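Visitor: Sequence:
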Amino acid sequence: MSFNANLTDLFIRIRSQSPKKKKIIFIVCVIWQWILTTWTDDECKVIIQNCYKALPVGGKLIACEPVLPKESDDSHRTRALLEGDIFVMTIYRAKGKHRTQEEFKQLGLSVGFPHFRAFHIDYFYTVLEFQK
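Heads up: the sequence shown at position 69 corresponds to 69 in full-length UniProt numbering, and the numbers run straight through without jumps.
Worth flagging that the hints you see were computed from the coordinates, not collected in a lab. Bear in mind the structure is a predicted one, so any value in this text is a computation, not a measurement. Ideal Cβ positions, reconstructed from N, Cα and C, are used throughout, including at glycine. Some clues are possibly wrong.
[To be verified] Result set (EDC-like, lysine to aspartate or glutamate): computed pairs, CA atoms no more than 16 Å apart in a straight line:
(1) Lys-97 / Glu-129
(2) Lys-105 / Asp-41
(3) Lys-45 / Glu-102
(4) Lys-95 / Glu-129
(5) Lys-45 / Glu-103
[Stated by the list, open to error] The calculated label-pair distances, taken between Cβ atoms and stated as ranges, are:
(6) Gly-58 / Phe-87: 35 to 43 Å
(7) Pro-114 / Asp-74: 31 to 39 Å
(8) His-76 / Asn-50: 17 to 25 Å
(9) Pro-69 / Trp-34: 17 to 25 Å
Can you build the whole structure from these sequences, using the hints too?
Guide: Here it is, written out as structure tokens:
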């Protein structure tokens with residue numbers, strides 16, 4: 001299995017560490033939205049691993065993805081996420097799936113990302129931060 005991928009969003013943030021030293025630190029991030037949802041776990045590992053290899057130490061992979069709750073309930077968030085999961089399966093790809101926060105964390109750990117954080121921004125999307 002092989003993948004060809006273009007990084008559509010490459011964000012480089014330059015921050016001055018010390019005005020006296022005039023030293024500049026480059027922090028490289030790969031940013032994407034709704035990519036991992038349409039792939040299997042094995043395919044996601046390949047994609048995430050390629051990003052891991054491309055990032056410098058301290059670099060970040062930031063993904064904005066739908067994240068399922070640990071347990072189903074009757075909330076608007078859960079309903080929206082489950083409807084989104086069905087939509088992805090019927091319109092895009094039956095093999096893709098929505099994942100829980102823990103499943104995303106385990107995908108990152110399995111390819112070498114030691115740091116993971118998640119930020120829920122609304123009913124549907126969560127910003128996932130994998131740091132090398």
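Visitor: Hints first: check each against the structure and report whether it holds.
Guide: Here is how each hint holds up against the structure:
no., hint, result
1, Lys-97 / Glu-129, "19 Å, violated"
2, Lys-105 / Asp-41, "12 Å, holds"
3, Lys-45 / Glu-102, "15 Å, holds"
4, Lys-95 / Glu-129, "24 Å, violated"
5, Lys-45 / Glu-103, "12 Å, holds"
6, Gly-58 / Phe-87: 35 to 43 Å, "36 Å, holds"
7, Pro-114 / Asp-74: 31 to 39 Å, "36 Å, holds"
8, His-76 / Asn-50: 17 to 25 Å, "35 Å, violated"
9, Pro-69 / Trp-34: 17 to 25 Å, "18 Å, holds"
Consistency note: the structure conflicts with the earlier hints numbered 1, 4, 8.
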